[in-house]
Amino acid sequence: MSILNDKEKVFGNISALRTLTDDFPQLKVNNSFPSINNSANSQDFLIDLVLSLTGFEELRDTLIDILSYASETMEDLVKDSLKVELKSFTSCGVDPSLPAWLQSTGSGIEIEVKKIDFFEIFKVDPETQAGNLLYEDISAQLNSTDFNTFLYYTIQDAGPQSWNNILDFQFSQNASVPFNTLTINANPAYDNLTLTQLNNDFIDSLTIFPSTQLITRIIDGLFGSVSFNLSVNKSESQLELEEQVNTIIDCISSADGDYVIDDTYFEFTNEQLQDIKQRATNRRNGIRQIKTCGDVNVDLPIDFLTEIKEQFSAATLTGGRFEQHEVIKDGINSMANHVSTYAGDPVDEYSVQLDFLGLMFKSLIRAFVNAILGPKIVAIFVLNYKIVYGQNAEYTNFVDLLRQNKTLMLNIINKIRDIIITVLLQLVLKYITKLIAANQVEALKEKANAQLAILLSLVGVPQDTIRLIRENSPITF
Amino acid sequence: MAECNRSSQKSTTSNGSVSSMSSILKILLSAFSLMKQPADTLPPPLVFIGAKLRPGLSARDMAARVISRFSESDAVNGEIFQEGNNVMTALEVIRMEEIVNAIQTEMKITSTIDPGAMLVQTNGVGNLGGPITSVGTNVNITQSAGVAQ
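Chain order of the listed sequences is W and E. First residue of the first sequence: 1, per my numbering; consecutive thereafter. First residue of the second sequence: 1001, per my numbering; consecutive thereafter.
These aren't lab readings, by the way, just hints derived from the structure by calculation. Please note that the accuracy of each hint is not assured.
For lysine to any residue, the following SDA-like pairs were computed, each having C-alpha atoms within a straight-line distance of at most 25 Å [stated by the list, open to error]:
#, chain 1, residue 1, chain 2, residue 2
1, E, Lys1036, W, Asn449
2, W, Lys434, E, Leu1034
3, E, Lys1036, W, Ala443
4, W, Lys406, E, Glu1003
5, W, Lys434, E, Ser1023
6, W, Lys445, E, Ala1031
7, W, Lys434, E, Met1035
8, W, Lys430, E, Ala1031
9, E, Lys1052, W, Ser457
10, E, Lys1026, W, Tyr431
11, W, Lys79, W, Ile387
12, E, Lys1026, W, Lys83
13, W, Lys9, E, Ser1020
14, W, Lys447, E, Ile1027
15, E, Lys1026, W, Asn5
16, W, Lys115, W, Ala393
17, E, Lys1052, E, Met1107
18, W, Lys434, E, Ile1027
19, W, Lys447, E, Thr1110
20, W, Lys447, E, Gln1143
21, W, Lys362, W, Leu410
22, E, Lys1052, W, Asn449
23, W, Lys83, W, Trp101
24, E, Lys1026, W, Pro34
Estimated spans, in silico, between C-beta atoms of each pair [stated by the list, open to error]:
#, chain 1, residue 1, chain 2, residue 2, range
25, E, Asp1074, W, Gly460, 32 to 38 Å
26, E, Met1035, W, Pro96, 56 to 62 Å
27, W, Gly460, E, Ser1068, 19 to 25 Å
Computed from a prediction, not measured in an experiment: that's the story for all the values here. Ideal Cβ positions, reconstructed from N, Cα and C, are used throughout, including at glycine.
Please work from the sequences and hints to get the whole structure.
Below you can see the structure in the form of structure tokens.
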């Protein structure tokens, strides 16, 4: 009750200020904002506030700031968090030195590729259009600075390959179950070092959040642009698994801080399962339903993402941050324009564009967390998991792995959420301050005008004359 | 998105994070509550003279002025004083009548005068140590602050 009341108060105050202040576009505030409810999801509430306060350009620029600048801060925070979590994960009763079986001369960890590649990235050839979006530094192949690219080419290669002389990987197709496995050993340079040292160095060697990959993840999550592509063609069951993970991320990120995140967050109600299936089916068909006068199926072809990636790479080589910012800006503009062509009525185009940006914002946390749940981080995580639970320990599926490590998930999601919320809150406060300042000016004008009218009335000036003077006064309100 | 499963277990310690909904609502609502400046004081001599010239409140005049400005807010106007049946204008007349009636017949103003604000000059005849009867009058125009109830 109180959350809903307070939310309505905030919207009501903004609505009142806008009505009383000139030069601000009128606010379309009504209960149709989905966040005006008792939910504790602060991100969705702030996005709805931003949507009602700012225009398309401001919202888009904030999104770009998060994707390009805030993601760097996020990368550092998430890496620190991962290091701390992995350290606490293995600190209780675990020998800090590397177990003999993990050292370069040991048998290592043998794990099926699909158990670290939940999003089936390695099924996609980096040389394809979709692959170009999922991998970085592709031409360097085994010497790539992108761990995913390195591991893809390791899987294509017969011999053992070393990632930055930290961990060695060898792929084996195997004639019997389990097929397609990776054997992971510590590099000889780490045989005499501690597990913490290996974890920290490995995490530092990764780039987790490249900007264009985040955009790809957001758009693929919303429209299935990559999953639908012929070279990827993800199965319905794979997409359902991905949507299950997205549902868990959404629920944890919108959880009330006063409640414990327990196993219930990793279970689904019938309604959620129905939602998951619907979203998976839409992504498999490469569409998303948007609401205008009715539900319209919208697609967003992969070409938009390819163009952003190509131009971004060119801008990185020839220019600086400004050029990169402009590339992302143009890309978002053209995608928003494309989506708005489905509006039907030209009057609705602008609101469809705003909704599109709102959707992108709402998918931000998912995109960041999905990036963490890729093979890069899962590989080192599985390594620690095996050290703690035993060389042959297994988890049943991805959701099970997440459930077993919910503290880590919660900490990472909260860190990402805090940064996004801070950026959104700053934007909302900036606009509220502008509104309040404009309203204060109007209030002062009104006061001066009233004082003038009172004084005139006291010296016997007739009401009609006072009205005439007020209407022509330079401080009319 | 469908409703999430929710734990029934409450955390023993609230995280108090800036991202929590209660913190955000507190920050946003406090942004709206600004202190306001007190109203300017009117020159006492002007009030002394001018107040006597005021015509007093008229519900009809007020309603007429409001109705004449209906067009500014795209409200539909009508001939309320000549058998008009416009609900908006009729309502406006009722509203103004009630407001004026309440002000004229129910409002109470409690006012105070600051200590020392009123200078009093008294005149009396000496009475050889006995009590002096004097008649006083305030010599300046004094303002008082009042609260309408």
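Here is how each hint holds up against the structure:
no., hint, result
1, E/Lys1036 - W/Asn449, "holds, 17 Å"
2, W/Lys434 - E/Leu1034, "holds, 14 Å"
3, E/Lys1036 - W/Ala443, "holds, 10 Å"
4, W/Lys406 - E/Glu1003, "holds, 20 Å"
5, W/Lys434 - E/Ser1023, "holds, 21 Å"
6, W/Lys445 - E/Ala1031, "holds, 22 Å"
7, W/Lys434 - E/Met1035, "holds, 17 Å"
8, W/Lys430 - E/Ala1031, "holds, 10 Å"
9, E/Lys1052 - W/Ser457, "holds, 11 Å"
10, E/Lys1026 - W/Tyr431, "holds, 17 Å"
11, W/Lys79 - W/Ile387, "holds, 20 Å"
12, E/Lys1026 - W/Lys83, "violated, 34 Å"
13, W/Lys9 - E/Ser1020, "holds, 17 Å"
14, W/Lys447 - E/Ile1027, "violated, 28 Å"
15, E/Lys1026 - W/Asn5, "holds, 12 Å"
16, W/Lys115 - W/Ala393, "holds, 12 Å"
17, E/Lys1052 - E/Met1107, "holds, 19 Å"
18, W/Lys434 - E/Ile1027, "holds, 16 Å"
19, W/Lys447 - E/Thr1110, "holds, 24 Å"
20, W/Lys447 - E/Gln1143, "holds, 20 Å"
21, W/Lys362 - W/Leu410, "holds, 18 Å"
22, E/Lys1052 - W/Asn449, "holds, 22 Å"
23, W/Lys83 - W/Trp101, "holds, 22 Å"
24, E/Lys1026 - W/Pro34, "holds, 20 Å"
25, E/Asp1074 - W/Gly460: 32 to 38 Å, "holds, 36 Å"
26, E/Met1035 - W/Pro96: 56 to 62 Å, "holds, 58 Å"
27, W/Gly460 - E/Ser1068: 19 to 25 Å, "holds, 23 Å"
Taken one by one, the earlier hints fail for this structure at numbers 12, 14, listed in ascending order.
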